[in-house]
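Line by line, the protein sequences are chains Y and G. According to this note's numbering, the first sequence is numbered sequentially starting from 84. According to this note's numbering, the second sequence is numbered sequentially starting from 157.
Please note that the accuracy of each hint is not assured.
[To be verified] In silico BS3-like pairs for lysine-lysine, Cα to Cα no more than 25 Å straight-line:
#1 G:357 - Y:456
#2 G:194 - G:223
#3 G:159 - Y:293
#4 G:385 - G:357
#5 G:357 - G:254
#6 G:174 - Y:457
Simulated from the structure, these hints should not be mistaken for lab results. Remember, predicted model here, so these are calculated numbers, not experimental data.
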Amino acid sequence: MMKVYLDNNATTMVDPEVKAAMDPYFTEIYGNPNSLHDFGTASHPALRRAMDQMYEAIGARDEDDIVVTSCATESNNWVLKGVYFDLIKNGDKDHIITTEVEHPSITAVCRWLEEQGVRVTYLPVNNDGIVEAHTVRDFITDKTALVSIMWANNETGAIFPVEQIAEVCKEKGVLFHTDGVQAVGKIPVDVIRSGVDFMSFSAHKFHGPKGVGGLYIRNGHPLTSLLHGGEHMGGRRSGTLNVPGIVGMGKAIELANYYLKFEEEHVRRLRDKLEDAILEIPDIYSVGPRDNRTPNTILVSVRGVEGEAMLWDLNRAGIAASTGSACASEDLEANPIMTAVGADSELAHTAVRLSLSRFTTEEEIDYTIEQFKKAVERLRAISSTYAYMPENMKV
Amino acid sequence: MAKTDLIGGSIWEEYSQKVQELMNNPKNQGELTEEDAKRLGGELIVADFGAESCGDAVRLYWIVDPKTDRILDAKFKSFGCGTAIASSDTMVELCKGKTVDEAVKITNIDVEKAMRDEPNTPAVPPQKMHCSVMAYDVIKKAASLYKGVDMESFEDEIIVCECARVSLSTIKEVIRLNDLKTVEEITDYTKAGAFCKSCIKPGGHEEREYYLVDILADTRREMEEEKLKEAAEKQASGEEIPFSDMTLVQKIKAIDSVIDESVRQYLIMDGGNMEVLDVKQNGEYTDVYIRYLGACSGCASSTTGTLYAIESTLKEKLDPNIRVLPI
Numbered sequence: 084m085m086k087v088y089l090d091n092n093a094t095t096m097v098d099p100e101v102k103a104a105m106d107p108y109f110t111e112i113y114g115n116p117n118s119l120h121d122f123g124t125a126s127h128p129a130l131r132r133a134m135d136q137m138y139e140a141i142g143a144r145d146e147d148d149i150v151v152t153s154c155a156t157e158s159n160n161w162v163l164k165g166v167y168f169d170l171i172k173n174g175d176k177d178h179i180i181t182t183e184v185e186h187p188s189i190t191a192v193c194r195w196l197e198e199q200g201v202r203v204t205y206l207p208v209n210n211d212g213i214v215e216a217h218t219v220r221d222f223i224t225d226k227t228a229l230v231s232i233m234w235a236n237n238e239t240g241a242i243f244p245v246e247q248i249a250e251v252c253k254e255k256g257v258l259f260h261t262d263g264v265q266a267v268g269k270i271p272v273d274v275i276r277s278g279v280d281f282m283s284f285s286a287h288k289f290h291g292p293k294g295v296g297g298l299y300i301r302n303g304h305p306l307t308s309l310l311h312g313g314e315h316m317g318g319r320r321s322g323t324l325n326v327p328g329i330v331g332m333g334k335a336i337e338l339a340n341y342y343l344k345f346e347e348e349h350v351r352r353l354r355d356k357l358e359d360a361i362l363e364i365p366d367i368y369s370v371g372p373r374d375n376r377t378p379n380t381i382l383v384s385v386r387g388v389e390g391e392a393m394l395w396d397l398n399r400a401g402i403a404a405s406t407g408s409a410c411a412s413e414d415l416e417a418n419p420i421m422t423a424v425g426a427d428s429e430l431a432h433t434a435v436r437l438s439l440s441r442f443t444t445e446e447e448i449d450y451t452i453e454q455f456k457k458a459v460e461r462l463r464a465i466s467s468t469y470a471y472m473p474e475n476m477k478v
Numbered sequence: 157m158a159k160t161d162l163i164g165g166s167i168w169e170e171y172s173q174k175v176q177e178l179m180n181n182p183k184n185q186g187e188l189t190e191e192d193a194k195r196l197g198g199e200l201i202v203a204d205f206g207a208e209s210c211g212d213a214v215r216l217y218w219i220v221d222p223k224t225d226r227i228l229d230a231k232f233k234s235f236g237c238g239t240a241i242a243s244s245d246t247m248v249e250l251c252k253g254k255t256v257d258e259a260v261k262i263t264n265i266d267v268e269k270a271m272r273d274e275p276n277t278p279a280v281p282p283q284k285m286h287c288s289v290m291a292y293d294v295i296k297k298a299a300s301l302y303k304g305v306d307m308e309s310f311e312d313e314i315i316v317c318e319c320a321r322v323s324l325s326t327i328k329e330v331i332r333l334n335d336l337k338t339v340e341e342i343t344d345y346t347k348a349g350a351f352c353k354s355c356i357k358p359g360g361h362e363e364r365e366y367y368l369v370d371i372l373a374d375t376r377r378e379m380e381e382e383k384l385k386e387a388a389e390k391q392a393s394g395e396e397i398p399f400s401d402m403t404l405v406q407k408i409k410a411i412d413s414v415i416d417e418s419v420r421q422y423l424i425m426d427g428g429n430m431e432v433l434d435v436k437q438n439g440e441y442t443d444v445y446i447r448y449l450g451a452c453s454g455c456a457s458s459t460t461g462t463l464y465a466i467e468s469t470l471k472e473k474l475d476p477n478i479r480v481l482p483i
């Protein structure tokens, strides 16, 4: 049986080149970079190179900071909690704007901030799965401290108009953070051109190692630290540097940037081929326009087939996909993205996400098409809703 | 939380082999038609339950012999996850050959137990118990259609926890009988709230009509009110109430009156006095906080002989679990 990994928005394989770049820093050059002796300082050239690679990949300037964190969850927490301590708790602002479809490392922090007395506006997305800049403008008040809106959505791949949102925020004098986790390595990301104040990213989403992420901070903006301790990362984030991780993230982001064109052409072509074939099956619906999506992502709803049941059958065929379907998680709420884009209640429970990478092959896509069709056929034969669906509800 | 909970597992790992097998190859999936009913000489019943909006919907087909009420054949269709498909299949298997009255007695617990590989190992993870509940409800729906009655007529109890099938009256009864004070205690006694946890408080898997937190609060309040009422009635009728059954106010009054009658006069004789500052219930003890006045304050015997005399008088006249604490 073929094994096909189509869950690259969850995590990716470490590129063998990245692994090779990291290897010496586990066993040969293992000194603590903060030590004065040669064992420690031996890692400095590689760390500097890795930082250069990151600055280069996202277009940061020398006066900006890119602080290495343990993951994007930490980066996201840092921005929200930092702004809370800097501008809300000890300031005169009390409002944050975000969206309904952010990652839990944003929404869960917002819920916690609400308990601390912060007002949070959760903007809904439109039918294309995005929030437009004029909507953000409508909700900004003189009490707004921060706008935090993702660059690309993890489930639909929908790309948000970050540049326009940044413009609105700048005009209104409000800080703008974007969670760039699903954008970096998939689409061109330039922090200067886009005008963001903060951007989170994570190495394992672009074929780097797990457990290392970053936060871009424009022009040394002050931000209360989450981790206090030694003077690591210029005192902004304490904790002994994860040397292999940083080296790996540097190499991975450089490679991801190098492969952007390949991602845009080859990955997009395979994605479109898969999507076209799936959409040939009757009563299947995919979310968001293709030209405004990350090139690797498809979120499809299969009428009559509950999401987890679909994953079960795909997994039996060796194919890894993902679902925000409620039944697979702790609560029975329908997929919030599907609900947000206005899908009806049945469709909201049938979402399956397929996300490719630059390592996905044509054979794997052909095999997936065949197995996907089989699974839909089997599960629709069992389905109580599909057979009796009124004709006018069919796509 | 413990070591085993730190790295979560896949819910699929907790499915029994039987559940997995039924998910892959359900035996009773399909539909029955009027022709099938005619061939078997029975009546066709088609019942729907659940809603796509909840992510689970099931359709149950029965052919019932109108003379014997026996289910001659059954099949199902399901929009749901693996557990929902496997539970529906098992439920149909359990219905076959039973009379309609026997079938309505099949519960989701029976369905779940029938899917176990080992008698003591649940067939599905706790949050998936919910998916077997629908298999139970659709039987009632089919029976109600066959008999032309309301579904509710098969349910003589209000079920608070559907996963463990625990009724409102059972929960209230255990709270009262065992003087339960927390939801955890209710779960220990009844298993209500042990599975999908929806019934504990709002915000779980699904909305419920009754939540354990509210039932506990209401029942405790009822118990307190009843206690108060009883004490008031006894007092009104001149009946002697044991100290332990008194309300706090009654206890304070009783303590005051014993002190006035049997203690104070001796203290005044020596140029002193005392006052009760507070009375607190501390587990099984009633703690009486006092302050000495006049000559009593600073008297050497105020923390020994006098204190012993006051405490033993209250113990003797009211309750052996009284403690007197001078401030």
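Evaluated hints:
no., hint, result
1, G:357 - Y:456, "41 Å, violated"
2, G:194 - G:223, "14 Å, holds"
3, G:159 - Y:293, "22 Å, holds"
4, G:385 - G:357, "30 Å, violated"
5, G:357 - G:254, "37 Å, violated"
6, G:174 - Y:457, "23 Å, holds"
Violated hints for the displayed structure, listed by number in ascending order: 1, 4 and 5.
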